[in-house]
Amino acid sequence: MRIIKISLLVIWVLLLGLLIQRDYFVRTLDTREVMALERDRRVEYQSIYFKDEKIGYVENQFLPQDDQTLKIRQQARMELMISEQTHPVELNLEAVLGSQSDLRSFEFSFTSPFYRMRANGTVQGDTVIFELDTGNSVVSDKIVLDGPPRLSTSRRSYLLGEDIEVGEKLKIPWFDPFSLTGKESVIEYKGREKVLINDRVY
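Residue numbers (the numbering used here): 47 to 248.
Just so you know, these hints were derived from the structure itself, not from any lab.
Computed from a predicted model, the values in this text were never measured in an experiment.
Cβ coordinates follow ideal geometry from the N, Cα and C atoms, glycine included.
Some clues are possibly wrong.
Derived pair list, reagent style DSS-like, types lysine-lysine, alpha-carbon separation capped at 25 Å [as the list claims (entries may be wrong)]:
#: 1; residue 1: Lys229; residue 2: Lys217
#: 2; residue 1: Lys215; residue 2: Lys236
#: 3; residue 1: Lys97; residue 2: Lys188
#: 4; residue 1: Lys215; residue 2: Lys229
#: 5; residue 1: Lys229; residue 2: Lys117
#: 6; residue 1: Lys188; residue 2: Lys217
#: 7; residue 1: Lys240; residue 2: Lys188
#: 8; residue 1: Lys215; residue 2: Lys240
#: 9; residue 1: Lys117; residue 2: Lys240
#: 10; residue 1: Lys217; residue 2: Lys236
Computed Cβ-Cβ distance ranges for the label pairs, DEER-style [stated by the list, open to error]:
#: 11; residue 1: Val232; residue 2: Glu177; range: 48 to 54 Å
#: 12; residue 1: Glu177; residue 2: Arg119; range: 18 to 24 Å
#: 13; residue 1: Arg150; residue 2: Glu90; range: 35 to 41 Å
#: 14; residue 1: Met163; residue 2: Glu214; range: 22 to 28 Å
#: 15; residue 1: Glu130; residue 2: Glu230; range: 20 to 26 Å
#: 16; residue 1: Ile233; residue 2: Asn182; range: 22 to 28 Å
#: 17; residue 1: Asp113; residue 2: Thr199; range: 17 to 23 Å
#: 18; residue 1: Val212; residue 2: Tyr161; range: 41 to 47 Å
#: 19; residue 1: Arg123; residue 2: Lys217; range: 29 to 35 Å
#: 20; residue 1: Thr180; residue 2: Glu214; range: 39 to 45 Å
#: 21; residue 1: Glu177; residue 2: Glu105; range: 22 to 28 Å
#: 22; residue 1: Thr115; residue 2: Gly213; range: 18 to 24 Å
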């Protein structure tokens with residue numbers, strides 16, 4: 047009987063030690079690791095493919111501002127094969143988003159050996175007011191959308207603020223700075239993704 051009590055006590059102490067180790071003795075990240083994690087949180091890279099061949103990449107930077115807005119910098123680089131010759135193409139976008147990921151303003155440029163263009167604009171309510179400079183002419187125009195426009199990015203935290211149920215669908219109005227057109231997507235909410243951190247599911 048005494049052996050059983052001692053065994054139970056030892057098991058209890060071991061389990062308690064594992065619990066304390068999991069919650070309290072967590073390794074502290076050094077400065078380099080913290081900087082790498084912060085950079086990874088703010089920068090995303092995507093590859094561009096054409097017919098299963100990589101032709102370029104896109105770098106997205108997400109920079110929170112002091113006024114609760116978010117600045118996005120997007121740089122795309124491509125190498126296009128035309129008439130058996132490689133030609134570089136560059137696209138640059140800088141945009142400011144509001145606290146609900148709504149587009150506030152943008153500046154966009156497209157550069158290639160054959161064509162150049164620049165565009166900039168601001169948003170007033172559901173209306174995008176922009177100016178397009180093709181090098182030969184300057185055009186001013188506006189587009190009215192069905193709701194506050196957003197940019198198509200991987201960051202969609204604004205959906206968490208919506209009172210939506212799993213399986214519910216939402217219509218999201220987008221604005222494409224490259225084509226200067228409004229688009230609309232239907233998104234179905236599948237629920238929150240579960241993440242395992244320190245043996246716990248969140």
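Against the structure, the hints come out as follows:
no.	hint	result
1	Lys229 - Lys217	holds (10 Å)
2	Lys215 - Lys236	holds (9 Å)
3	Lys97 - Lys188	violated (35 Å)
4	Lys215 - Lys229	holds (16 Å)
5	Lys229 - Lys117	holds (21 Å)
6	Lys188 - Lys217	holds (21 Å)
7	Lys240 - Lys188	violated (42 Å)
8	Lys215 - Lys240	holds (21 Å)
9	Lys117 - Lys240	violated (28 Å)
10	Lys217 - Lys236	holds (15 Å)
11	Val232 - Glu177: 48 to 54 Å	violated (31 Å)
12	Glu177 - Arg119: 18 to 24 Å	holds (20 Å)
13	Arg150 - Glu90: 35 to 41 Å	violated (21 Å)
14	Met163 - Glu214: 22 to 28 Å	violated (39 Å)
15	Glu130 - Glu230: 20 to 26 Å	violated (40 Å)
16	Ile233 - Asn182: 22 to 28 Å	violated (39 Å)
17	Asp113 - Thr199: 17 to 23 Å	holds (19 Å)
18	Val212 - Tyr161: 41 to 47 Å	holds (45 Å)
19	Arg123 - Lys217: 29 to 35 Å	holds (33 Å)
20	Thr180 - Glu214: 39 to 45 Å	holds (42 Å)
21	Glu177 - Glu105: 22 to 28 Å	holds (26 Å)
22	Thr115 - Gly213: 18 to 24 Å	violated (32 Å)
Violation of the numbered hints given earlier is confined to hints 3, 7, 9, 11, 13, 14, 15, 16 and 22; the remaining hints are satisfied by the structure.
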